[in-house]
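> Sequence:
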Amino acid sequence: MEKRAIRTDKGEVNRQIVSDNKLREDLKAVERLRKAADQLARQEQDKSHDRGPEL
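All residue numbers for the sequence shown refer to the working numbering, where the first residue is 252 and numbers rise by one.
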C-alpha cells in the first residue's frame with residue numbers, strides 16, 4: 252500500500268519511530284555540546300583563578 256502512496260498505520264508508526272530517533276540523536280548532540288561548553292568554561296575559570304587578580 253505504501254508503494255502506491257497510500258499511508259498505512261504500520262507506515263505511520265515507522266515514520267514516527269524514525270522521527271523520534273532523529274530527535275533523540277539531536278538531543279544527544281546538544282548534550283555533548285553543553286558538556287563541552289561547561290568544560291571550556293571551567294578551564295577558563297581555572298586559568299583566571301590561577302593568575303590571580305589583574306592589577
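For the record, the hints were derived by calculation from the structure and aren't laboratory data.
Be aware that a few hints might be false.
Below, computed lysine-lysine pairings styled on DSS-like, alpha-carbon distance capped at 25 Å [unchecked claim]:
no.: 1; residue 1: Lys286; residue 2: Lys273
no.: 2; residue 1: Lys279; residue 2: Lys254
no.: 3; residue 1: Lys261; residue 2: Lys273
no.: 4; residue 1: Lys279; residue 2: Lys298
A quick note: this is a predicted structure, and the numbers were derived from the prediction, not measured.
> So, for every hint listed, does it hold in this structure?
Results of checking the hints against the structure:
| no. | hint | verdict |
| --- | --- | --- |
| 1 | Lys286 x Lys273 | holds, 20 Å |
| 2 | Lys279 x Lys254 | violated, 33 Å |
| 3 | Lys261 x Lys273 | holds, 19 Å |
| 4 | Lys279 x Lys298 | violated, 29 Å |
The structure fails hints 2, 4 (numbered hints given earlier, in ascending order).
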